[in-house]
Structure formats: C-alpha cells, structure tokens
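J.: One-letter residues, chain by chain:
Protein chains: 2
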Amino acid sequence: MANGTLLYAQSGGVTAVINATASAVITTARARRVKVLAARNGILGALREDLIDTSKEPLASIRALAHTPGGAFGSCRVKLKSLEADRARYERLLEVFRAHDVRWFLYNGGNDSADTALKVSRLAAEYGYPLTCIGVPKTIDNDLAVTDCCPGFGSAAKYTAVSVRECALDVAAMADTSTKVFVYEAMGRHAGWLAAAAGLAGQGPNDAPHIILFPERPFDEAMFFAEVKKTVERVGYCVVVASEGIHTADGTFVADAGAGKDAFGHTQLGGVASHLAARVKDTLGYKVHWTLPDYLQRSARHIASKTDLDQALAVGKAAVDYALKGMNATMPVIQRTADAPYRWKIVPANLEDIANHEKTMPAGFLRKDGFGITAAARRYLEPLIRGESPPPYGRDGLPKYVVLKNVAVKKKLAKFEG
Amino acid sequence: MANGTLLYAQSGGVTAVINATASAVITTARARRVKVLAARNGILGALREDLIDTSKEPLASIRALAHTPGGAFGSCRVKLKSLEADRARYERLLEVFRAHDVRWFLYNGGNDSADTALKVSRLAAEYGYPLTCIGVPKTIDNDLAVTDCCPGFGSAAKYTAVSVRECALDVAAMADTSTKVFVYEAMGRHAGWLAAAAGLAGQGPNDAPHIILFPERPFDEAMFFAEVKKTVERVGYCVVVASEGIHTADGTFVADAGAGKDAFGHTQLGGVASHLAARVKDTLGYKVHWTLPDYLQRSARHIASKTDLDQALAVGKAAVDYALKGMNATMPVIQRTADAPYRWKIVPANLEDIANHEKTMPAGFLRKDGFGITAAARRYLEPLIRGESPPPYGRDGLPKYVVLKNVAVKKKLAKFEG
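These protein sequence lines are chains A and B, in that order.
Under the numbering used here, the first residue of the first sequence is numbered 1, with each subsequent residue one higher.
Under the numbering used here, the first residue of the second sequence is numbered 419, with each subsequent residue one higher.
The set of hints was computed from the structure by calculation and includes no laboratory data.
Heads up, none of these hints are tricks.
Now the stretches of chain B that chain A is said to cover, found in silico as 3 or more residues with beta-carbon under 8 Å:
hint: 1; region: 683-693
hint: 2; region: 720-729
hint: 3; region: 809-823
All values reported here derive from a predicted model rather than from experimental measurement.
A virtual CB, placed ideally from N, CA and C, is assigned to each residue, including glycine.
The task is simple: from the sequences and hints, build the whole structure.
T.: Next comes the structure, spelled out in structure tokens:
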C-alpha cells in the first residue's frame, strides 16, 4: 500500500462515460494498492469534508461504473475564483487534504476544473504541502484545449447522429400529409460541436439533416426560411438541427426569443427548437414538430460510442499513472496520430495550457453557406462515434446501471462556512 | 405463383418496428410466390394509383426493413369517412384494386385503418369483387381494442423507460447545485400508456420517475406542486413524466397553456413539459430542465424491444397467412397466455370488434394517488420492453438502415380527383 490517499472528484455537467473514467481511476489505484476517496458532489464535497470511501464498494460495482451514466459520486456547478478572491476556500481544500492525507488530487471536469486543479497545486507548493494535482478531461461540449477531443463528447455525438437519422426516417414517411419541418435542438452554448456531429447522420444534399445552425455563424432568419423552403420543395421535407447557442448578428440568443413572461405573468421558458418551429409555421405555413432531447443526449449510455468509452477509461488509468509518478499540474489528453485508420494515444499536457482556454470549431469545419459540415469535419468527427459498447441489460429489459453505497468517511474537521 | 396481387399499405404515425411487419409481409408472401405491391404514402397511394413494385427490391433490402425505423413506403394521416360520405373514394379503391388484380389488401395501422379495411371489404362484397381485407396492428399509443398490446408500443415504451432511468442518474448527480426538477414529456393524447411505461424505470418510492401525470386523471396543479416539493425535500430532486394529453378537470389541455400568440403576434407552440417546468420554477423556485423527445421516442429502432420486434414480425406473417386463407375482415392480434413466464400467440380477431374502438388504461393500473403505476401495470408492461435487438452498425458508428428504391408500377387508370 502506497502512503497517502488519492482523492477523486467529478465536476460540471455529467456525461454517459464520466463514470467509466471513475471506474478506471479506482481499479487502477486499487491495483497499485492506493486508497481512493471520492468527494461527494464534486469540489463541494472536498470543501465540506464530505468524502466517500470507495474501498467499501465491491469490485463488481466499481467495474459496473464503466457502463453507468450520470455521476456516481455526485457533481456540482461551482467555480472557484482566483486564489486571491477565493483564498479561504483554497486553504480549506488543503486543510481537508491534509486531514485525510490526500497526496493525489484528480479532478475530472472541463476548463474550470483544470483551472481549479492548477490553483490548488500552486497553493500546495506555496505551503510546502506535498500534493500532485491532475486534471482529468470530461465534457460533452468538446471545448477543452490541447486534447484532440473530450471524453463524453463522442457518446453525445453518437446519440445525436443516430437520433437525427432515426427521426428523419419518421419525418420522411409522414411528410406527404403531416410534418414537413422537424427541428432538433442540440446542446452547445458557445460551440456547435454536437450540432456538427448531427451532420454525420447523412451524406448527400438530400439526406437529413438538411440544415444545421451553428453558434459560430450569425443566425439570419430570412436566409434560414429560404433554405427551409428550398429544401421542402426539393426533398419533400426538411430536418433542421440547431445549436442551443445560435444568435443573431447583434448577439441576441434565438433561444431567448420565446422566453419571458406571458400575459398572466407566468414564466415562459425559451428554446431554440420551439421558437424556430413556430416561426417556420407562421411564415412558411408548414406543419412542424420539434424535439429538445436536453439531458437525454448526455446520459444516453445505452448508445455510447466505443471510441469514447475507450478514451474515458484510458484517461482515468493515465491520470492515476501520472499522479503516482508525481507529474503535478498535468492532464492526460488524447492525441490523434492518424485519421484513417483512426489512431490515438494518451499524452500529458500542462494544466496551464488548458485552464480557461476554450477550443472552438475550426472555421474549415463549416460549409461556406454555414448550413452544414465539411469533409474535414467529417474526418475529425466520424471516428469519435465509432463502435458500440452497450450496457448489460436485465431480464426486465432495462440497462443494469449501478448505484453505489457511497459510504461517508468520518469527518475530522470543524464545519466549513464558505 | 398464386393468382392475384397482395397490396400492403402503412397508415398513421410510423413506429420503430412497422417496417419489421412490412418485412415479414413481403418475405412471407414471396415464399408463397405471391406478388406484393405497396401503396406509396398509405391509402393515398392506393387512391392515386401510386403503387410500388416490391419485387424490384433485393431480398437483403426487404430483410433489412426488419431493423429500419420509419415507414419505408410512406404513410399518411388520412381517414376515410363512412361508406356513404366517402363513397367515391371507396369505389376508387376498388377500381385501383381491380386494375392491378389486387385480391388481398393488408392495411397496417390503428383503429382508423381497421375501420377503412372493414369498409373496403364490405363494398367489395356489395360489388361481388373477390377481395380479402386484413387489418395489421400498429401503434405506439397501445390503444387498439382486442389485442393485448400493439406492435410499436413496446419499443417506444422501452425508449421511455431507458431514457427516464438515464436522465434521472444525470439529475441525481447534479441536484445539489443545479437542476432539481426534471420534466419528461411522453406521447399519449388520450391514454397514458407511454407515461405508464416510464414507471418501469424505477421501483421504490425514491426511484425516478417520482411523479407520473396521466390523461386519465384530472391535473390538479396544487396537488402536483405539493408532491414535487415533498419529493425534492425527501430525495433531493424530482423526475416528472407527463403525458402530452393531461388536462384539468374542466377538460383544458395543460399543453395549450403556453400556446397562442406572443406580444409580436408570433405563434407560441404549446407543450406540457415546458409549461410544467416553468410553473414549478415560478412557484417553487427550483431550477428546472425538461425534455420533449417527440418523434425520437417512436423512431428509436436502436433501442427497440425484442418482444415488440418479434410481435411486429409475427403479425406480418400471420396477416399473409390469414389473407391467403381468405379470412376476410380480420386482424391478427396478440393474445397473452401467461404473465410469468410471459407467453403470447397470434390469433384472428374480427375487424368489426376493433374498428373505432379505443382501449384505455385499466383503472387498476394507476396508483390511488394518481402519480404512479401499480404492480398490475408493471406485470402487464414489463414483458413488452423485454429483450434487445439492436440494428447492425456500420464502420461509421451509425445503424445500417435501408432506404428502398420504391420503383413505381405503371399506372393503368385516369387520374383521380378526390
């Protein structure tokens, strides 16, 4: 048994495969006889000294995490500020780490988490506390810098492409007398990565999706209507995929167009798909339907990408390796070494190069007209949704997802107010 | 080769497995050396004499229909009226049948289609035209009379239960600092069958879905809020599944609450989930998210139920058998012979007993408080989502769905205006 404890925490929006990373972290550490605690609800658990003893979970449960979506230890949406502005909380983290002999801190999240891990490592150095901080990549948004792609994205991308292909077949069958325009709303506030993945559902100009709307291009309603009309007249129907984050040239989010209060003072929630569908109905007179998959797209472990799963497992294993080697302030990232056949490997990157950077979609991935993806985008995206790795199913027809016991570690410190 | 032609048509909303029925119809008929034509876009194709020669499709394509969602020949939302009111159209159908020597007419749809098939058979008898009309069951709504369940429902039910289990894991992980109430909108205007299927996602009182809202019970907002609050306080979050058809005691659809025109005169589309989510946010102050899967739930062949697929194939095969035996005005239906182990067989039913009837959910399937399903409902529903039968996937990570050539048969008649 190595001296010291490894603390693992999940951060931000969960994915279909973040638990696979957790599974790899814990099984790798166990094999190296390292004790693993997990913070309940991400960094909050670390601040609250609300820690989970993963050694209380049988190996079968830890292995089952590899096919279980969600965040098994809980996650949170909390961003620590700068070392100066949030010093008390950073110091509290060190205090908790010291109390539980945490020598390795693995923070599984996106840009913000990389930043937090980096700052904790700096503070530890300042105080002379021996700590190795490792960022572990995760996000369906695919917007992490340095890494070629992010674990979590491939599965959400596969869900998107498969769902769009399927509903397009439905619309095609009914278009003669029913729905002619169908709008699919994809997650992606700042970058259109998931909307782009929908483009994998079809190939030719008559294949769905016929129109993709990206936050990277200003939304022009008149041009959109013209394209919808042209498509319906040519194909008989039109499948539109819209990023939640599309906005007009002046920066107004299209999703906010329907949001606000109604005549009774009741809240109206926004939404790109419902708004676009309503506008198409009003202006072009077509029968419309729309879908908002929301969390379904990031929790659909049943249609996870094998590539994505493999990478989620690989970053978890590498994170423990890096930690035990003392490779402080790094993140295991995915490096693509070939497109065809697709090859990748895990390499270390400096958290400094990742924290607070955001990877946007290359301009060369968007078609000139802004309504679709290019061959270059297809080359990049296609390997990421490749392969299936369905969960085991029970006799009841449902995936056998595991729920952990999550036994709390006895607290040693006073309550923290902050 | 038997004398005469078998005409197959798809009707109403398509499903994940209606093409499996088509596949079984065509392969069974081919094996019996019977020529099969398909009507393009359902009964409209029959009226327009827009017929497809299925013999032009290779056997591999016909077999691939068994794993392809949508409606391969096109479907339509057209209901013929009574024989008296729509006599010209019924007579046109007979005229087209005569021109193409159609001796067997298989109409794959719900209540309305059973009614149309029945009327066509009566008119044929009146005119002394030798025709055998068979209804073939299909609907995700599960509201067909006589049959124990409807092909198409089991797969949509499985999609629903799996999706709710998955997104509930997501919400559970994030609830501490993010979404506390999640609302899932299920199809079902008149009957809450799909919402009920969501109940399979969990077992105990703390398992999602915590609240199911059925069109069978009047919606009472105050009671709903109280239940949401109680659940969030007990469990930490609350997953709600709402049928699109829920309404208040006076019959007002909740989905219409947000529908209408906004201040700019723009259409606002309705929706149960977005409305409930907004009301919960306003009244209880919880952070909310919601999903509207819409067509995704009925086209998700990738998560089809094996039971459902088997039944879709079985009714297709039986329909051809019944047709060739001259069992006019019948429908092959599913008879459940045992719950555990689940056993079923296909038996003939009279179209007269099915046409224009609607099967509602037994009162004993709803919990007394109206917010969940009973053990009896579970016993009925669970076998229907059992088993997996994923489609084959390509190297590109996408299901290999087939698109038919749909070669038109040369027209023999003048154009029909009607």
